[in-house]
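Novice: The listed protein sequences derive, respectively, from chains A and B. Note that our numbering has the first sequence beginning at 1, numbered continuously upward. Note that our numbering has the second sequence beginning at 1, numbered continuously upward.
Bear in mind the hints are in silico, worked out from the structure with no lab data behind them. None of the values given here were measured: they were computed from a predicted structure. Mixed in with the good hints there might be a few duds.
Below, a sample of chain A positions facing chain B; criterion: calculated Cβ distance under 8 Å [unchecked claim]:
#1 Y33
#2 F45
#3 S48
#4 S58
#5 L98
#6 F103
Here are the computed lysine-lysine pairs in the BS3-like style, where the Cα-Cα straight-line distance is at most 25 Å [to be verified]:
#7 K42(B) - K57(A)
#8 K83(A) - K42(B)
#9 K2(B) - K42(A)
#10 K78(A) - K57(A)
#11 K2(B) - K57(A)
#12 K42(A) - K42(B)
#13 K83(A) - K57(A)
#14 K78(A) - K42(A)
#15 K42(B) - K78(A)
#16 K67(B) - K42(A)
#17 K42(A) - K57(A)
#18 K56(B) - K67(B)
#19 K42(A) - K83(A)
#20 K2(B) - K67(B)
Note that CB positions come from ideal geometry on N, CA and C, so glycine has one too.
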Amino acid sequence: EPEVTQTPSHQVTQMGQEVILRCVPISNHLYFYWYRQILGQKVEFLVSFYNNEISEKSEIFDDQFSVERPDGSNFTLKIRSTKLEDSAMYFCATARQLNTEAFFGQGTRLTVV
Amino acid sequence: QKEVEQNSGPLSVPEGAIASLNCTYSDRGSQSFFWYRQYSGKSPELIMSIYSNGDKEDGRFTAQLNKASQYVSLLIRDSQPSDSATYLCAVKRENTDKLIFGTGTRLQVFP
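Required output: the full structure, derived from the provided sequences and hints.
Specialist: Below, the structure is given as structure tokens:
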């Protein structure tokens, strides 16, 4: 069964460092998303990406965040200068079409120290 | 008012019983509704989607939607200990990208 693949599974970084989280979407899916979940809290939307551009973003997704699909397969989330409060699980999700089911990857646990 | 509300639980049911999980939402423009299961430390796993009023059944799971009451529920029949997890309700407005999640209801199924 096709699945969304995320790497790394766990990343520890020092405050102020840049991190790149990677996702390989399900092959025929066109809509890509990043969500995050701070420990003990709800899953929160960060950004959606379609046709090589951002289609929607939340207030959380400020100038420190960026997304791209550099090689037509990987979908990446970059955090330029990490803060302690960026520590969370980051989930990539993909969907075949708008308004269809989104399937989540296994997540990357980001720990900022 | 929270956009998507769920009772945090835990909801404890005996093995073999029916578990009933409820969710209310505030945005009347919501058009798509989803139930995800999340085991501790894992990612959300899609269980059911429902788009129109009424019931939708898939195996032991039944999703129920009432748009007039802004209410969506998930019934799990013949509950198993492996069903023990947090169940997340998520809603989406038509033609928007983002899922709005509730905080989830923790279900415990005891033998």
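Novice: State for each hint whether it applies.
Specialist: Results for each hint:
1. Hint status for Y33(A) relative to chain B: holds, with the closest Cβ pair at about 7 Å, below 8 Å.
2. The interface hint given for F45(A) is met, as the beta carbon of that residue sits about 4 Å from the closest beta carbon of chain B, less than 8 Å.
3. Given the 8 Å rule on beta carbons, the hint for S48(A) holds: about 3 Å separates it from the nearest Cβ of chain B.
4. The beta carbon of S58(A) is positioned within 8 Å of a beta carbon in chain B (closest approach about 7 Å), and the interface hint is therefore held.
5. Taking 8 Å as the C-beta contact cut-off toward chain B, the hint placing L98(A) at the interface holds, the least distance being around 7 Å.
6. Interface hint at F103(A): satisfied, since its Cβ lies 6 Å from the closest Cβ of chain B, which is below the 8 Å cut-off.
7. For the suggested pair K42(B) and K57(A), the alpha carbons sit about 24 Å apart, so the restraint of at most 25 Å is met.
8. Restraint check: the Cα-Cα separation between K83(A) and K42(B) comes to about 23 Å, which is no more than 25 Å; the hinted pair holds.
9. Distance hint between K2(B) and K42(A) is fulfilled; the C-alpha atoms sit about 12 Å from each other, no more than 25 Å.
10. For a cut-off of 25 Å, the pair hint linking K78(A) to K57(A) stands: about 14 Å separates their Cα positions.
11. With a C-alpha separation of about 20 Å, the suggested pairing of K2(B) with K57(A) holds against the 25 Å cut-off.
12. With a CA separation close to 13 Å, the supplied pair K42(A) and K42(B) stays within the 25 Å bound.
13. Of the supplied pair hints, the one linking K83(A) and K57(A) holds, its CA atoms being roughly 19 Å apart against a limit of 25 Å.
14. As the CA atoms of K78(A) and K42(A) are separated by approximately 22 Å, the hinted pair is consistent with the 25 Å bound.
15. About 22 Å separates the Cα atoms of K42(B) and K78(A), which keeps this hinted pair within 25 Å; it holds.
16. As the CA atoms of K67(B) and K42(A) are separated by approximately 23 Å, the hinted pair is consistent with the 25 Å bound.
17. About 17 Å separates the Cα atoms of K42(A) and K57(A), which keeps this hinted pair within 25 Å; it holds.
18. For the hint linking K56(B) to K67(B), the alpha-carbon distance of about 14 Å falls within 25 Å, and the restraint holds.
19. Simply put, K42(A) and K83(A) have alpha-carbon atoms about 19 Å apart, close enough for the 25 Å limit, and the pair holds.
20. Taking the CA atoms of K2(B) and K67(B), the gap is about 17 Å. The hint holds against a cut of 25 Å.
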